[in-house]
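Colleague: Put together the whole structure using the sequences plus the hints.
2 protein chains.
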Amino acid sequence: MKFEIESNDPNSDARAGSLTLSHGVVQTPIFMPVGTQGTVKSVSQETLKNDIDAPIILGNTYHLYLRPGCELLEEVGGLHQFMNWDRNILTDSGGYQVYSISDQRKITEEGVMFRSHIDGSKHLFSPESVMDFQRQIGADIIMAFDECTPYPCELKYATDSMHMTHRWLDRCITNLSKSEPKYGYEQAFFPIVQGSVYPELRKQSAEYIANSDQDGCAIGGLSVGEPHEDMYAMTELVNSILPKDKPRYLMGVGTPENILECIALGVDMFDCVMPTRNARNGQIFTSEGIINIKNAKWDKDFSPLDPEITPDYSKAYLRHLLVAKEYLAGMIASRQNLKFYLWLVRQAREHILAGDFAEWKNRMVKKVRTRL
Amino acid sequence: MKFEIESNDPNSDARAGSLTLSHGVVQTPIFMPVGTQGTVKSVSQETLKNDIDAPIILGNTYHLYLRPGCELLEEVGGLHQFMNWDRNILTDSGGYQVYSISDQRKITEEGVMFRSHIDGSKHLFSPESVMDFQRQIGADIIMAFDECTPYPCELKYATDSMHMTHRWLDRCITNLSKSEPKYGYEQAFFPIVQGSVYPELRKQSAEYIANSDQDGCAIGGLSVGEPHEDMYAMTELVNSILPKDKPRYLMGVGTPENILECIALGVDMFDCVMPTRNARNGQIFTSEGIINIKNAKWDKDFSPLDPEITPDYSKAYLRHLLVAKEYLAGMIASRQNLKFYLWLVRQAREHILAGDFAEWKNRMVKKVRTRL
Numbered sequence: 001m002k003f004e005i006e007s008n009d010p011n012s013d014a015r016a017g018s019l020t021l022s023h024g025v026v027q028t029p030i031f032m033p034v035g036t037q038g039t040v041k042s043v044s045q046e047t048l049k050n051d052i053d054a055p056i057i058l059g060n061t062y063h064l065y066l067r068p069g070c071e072l073l074e075e076v077g078g079l080h081q082f083m084n085w086d087r088n089i090l091t092d093s094g095g096y097q098v099y100s101i102s103d104q105r106k107i108t109e110e111g112v113m114f115r116s117h118i119d120g121s122k123h124l125f126s127p128e129s130v131m132d133f134q135r136q137i138g139a140d141i142i143m144a145f146d147e148c149t150p151y152p153c154e155l156k157y158a159t160d161s162m163h164m165t166h167r168w169l170d171r172c173i174t175n176l177s178k179s180e181p182k183y184g185y186e187q188a189f190f191p192i193v194q195g196s197v198y199p200e201l202r203k204q205s206a207e208y209i210a211n212s213d214q215d216g217c218a219i220g221g222l223s224v225g226e227p228h229e230d231m232y233a234m235t236e237l238v239n240s241i242l243p244k245d246k247p248r249y250l251m252g253v254g255t256p257e258n259i260l261e262c263i264a265l266g267v268d269m270f271d272c273v274m275p276t277r278n279a280r281n282g283q284i285f286t287s288e289g290i291i292n293i294k295n296a297k298w299d300k301d302f303s304p305l306d307p308e309i310t311p312d313y314s315k316a317y318l319r320h321l322l323v324a325k326e327y328l329a330g331m332i333a334s335r336q337n338l339k340f341y342l343w344l345v346r347q348a349r350e351h352i353l354a355g356d357f358a359e360w361k362n363r364m365v366k367k368v369r370t371r372l
Numbered sequence: 001m002k003f004e005i006e007s008n009d010p011n012s013d014a015r016a017g018s019l020t021l022s023h024g025v026v027q028t029p030i031f032m033p034v035g036t037q038g039t040v041k042s043v044s045q046e047t048l049k050n051d052i053d054a055p056i057i058l059g060n061t062y063h064l065y066l067r068p069g070c071e072l073l074e075e076v077g078g079l080h081q082f083m084n085w086d087r088n089i090l091t092d093s094g095g096y097q098v099y100s101i102s103d104q105r106k107i108t109e110e111g112v113m114f115r116s117h118i119d120g121s122k123h124l125f126s127p128e129s130v131m132d133f134q135r136q137i138g139a140d141i142i143m144a145f146d147e148c149t150p151y152p153c154e155l156k157y158a159t160d161s162m163h164m165t166h167r168w169l170d171r172c173i174t175n176l177s178k179s180e181p182k183y184g185y186e187q188a189f190f191p192i193v194q195g196s197v198y199p200e201l202r203k204q205s206a207e208y209i210a211n212s213d214q215d216g217c218a219i220g221g222l223s224v225g226e227p228h229e230d231m232y233a234m235t236e237l238v239n240s241i242l243p244k245d246k247p248r249y250l251m252g253v254g255t256p257e258n259i260l261e262c263i264a265l266g267v268d269m270f271d272c273v274m275p276t277r278n279a280r281n282g283q284i285f286t287s288e289g290i291i292n293i294k295n296a297k298w299d300k301d302f303s304p305l306d307p308e309i310t311p312d313y314s315k316a317y318l319r320h321l322l323v324a325k326e327y328l329a330g331m332i333a334s335r336q337n338l339k340f341y342l343w344l345v346r347q348a349r350e351h352i353l354a355g356d357f358a359e360w361k362n363r364m365v366k367k368v369r370t371r372l
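Taken in sequence, the protein lines are chains Y and E. Take the first sequence: its letter number 306 is residue 306 in our numbering, and every next letter is one higher. Take the second sequence: its letter number 259 is residue 259 in our numbering, and every next letter is one higher.
Source of the hints: derived by calculation from the structure; they are not laboratory data. The beta carbon of each residue, even a glycine, is placed where N, CA and C say it ideally should be. Take these hints with a grain of salt, some might be off.
Claimed, not checked - Covered stretches of chain Y (chain E as the covering partner; in silico rule of three or more C-beta atoms under 8 Å from a C-beta of chain E):
#, region
1, 65–76
2, 239–253
3, 309–319
Modeller: Now the structure itself:
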């Protein structure tokens, strides 16, 4: 893995970079579409590649472990082969899903015992097993196994949890050092900063992660319900400590506005289910603002859904498809929202390179939160 | 509209032709994907055009009339504009849907009074109103308003119904002669042969339709539950009477085997929901035979879904997507099935042109009904 900063914005901490991974170069800042179960919902790999032009997508270890299973993925030669995707993949560690989806879970120093949301069967995720699973899946970037604390979270719990996440990180690193990638290409490894919304904990955790000296650094445990001001404050604090020469990934963030603000704070990588999940409910992010396509006002609006991004289908047509519960509604809306997110980070990159990011960002934040 | 027969098979009644419509040339025999509500389910217009390469698709007047409504379609300049489809469209007359979907309907000489399956509201379809609706929708081929009799159907009912369908046809023709296409291009008109499975009725109806001397001829009221032998016998009888120089459209047919047999009987055009509907339930038509992708036997089959048609995704991947209830399952399966249907009729055409259709057809029928 190679990361080069190409430009720093003079009026913010934003940076434009270039991240070379095993399946191609990722220009940063970047948004990574979420492909939970080996597919980005309602979007084909052709569309993802040729139309949305995503250089990297996410897979969820929790879901892939349960279905189709890591043994099957190893048998076919990894997730890239299985889903026919020849660009980069990042897998999370499954921690977040275990806490948020699984029916029951019990956290101990050893790891997390949980029941599958599919059939109730019992499973153990430990730092060691999750590293093994991510070797089998074969992602280009694999994530440390952490505990993602909820919000709100008491100081005592957040402190204990953070220290356990640090001890788990050491176990992840030890485990990885004893194994090799399975498919002949390098897998980068990112540890995760925790600490809830407590500045002192975030500082300690950022120092721990910085000292671990891995390929990149991730910020977890944000965008879990805390006020945006807390998210921004924690991100700013953590970024002031993390090494400048490594890529920074803010996990699970967020709205277009969140992304612009966090790019300004020096974040390079983002992922979120929002563009695809909200698409299926009719919330469309456009270069002009946010559209709720279910509103009757779009009934006879035959103008393009987004003149920049979806010139081929109209608002009225998408509304018709959604009202008629047609599959194409989710397909068009998901494509639009993902293309918009990718368009937005590419625009941000252009403005960082041009040196006028901060000013552009302040204008753009107003636009992207406008409800049309 | 122009129709030219390019070649007649020496050992069957199969013909290869070229049908020039307002939105391009359709080489026959052809299968037309069904786009009920202004969208072929789970397939985008880009895929339909660039990948499946369908020169003509269907729209359903009943569905389009209820949603988004014919006035809206007229406002935007027709269905082509609304759904962004610049190739040909054929609309049925709504008759079949009124009988099969609507909650209640009452058939009189005037037309059919029915209740919407969406909100229970009352509507009247008459030969005149349905021609007006199809002018508003703006299809390249519009269909006569007929009664599609069920199977089985008593002789008395079938006789009376057939005569009413003929009287309705005259009213359709009178209505069309008094109106003009709305969008500057010609709309071809096809009357429909009825008569259930009674040879004497089918003969009478085929003569009536032949004498009406319209652009093409359709055969309706088949593929409604009768044995395949009856379908073939009626099609053969009707085709012996219909003019040879006009295109023949067998409505709602059918399985790959049905299509091959009916091409041999001289049919030029087909439509059916089977490839898309069955796709969503996991039944995959391939160049090697039929696959039920839900079967556990495909679990670890990493070979292409169809080496001819879908080399990019494996059987195991599609099975995973279907089991995980992912949208991409329906998208890949529908694309495969439609590409297969189009591939099959194109292969048939090649063999008619080469003069060896009958022999190829007998081999292919065995293959397409094989369950893998």
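Colleague: Counting residues of the region 65–76 of chain Y whose CB is closer than 8 Å to a CB in chain E, do you get three or more?
Modeller: holds (count 5)
Colleague: Taking beta carbons only, do three or more residues of the region 239–253 of chain Y come closer than 8 Å to chain E?
Modeller: violated (count 0)
Colleague: At least three residues with a C-beta closer than 8 Å to a C-beta of chain E: is that true for the region 309–319 of chain Y?
Modeller: holds (count 5)
Of the hints listed earlier, the one the structure fails to meet is number 2.
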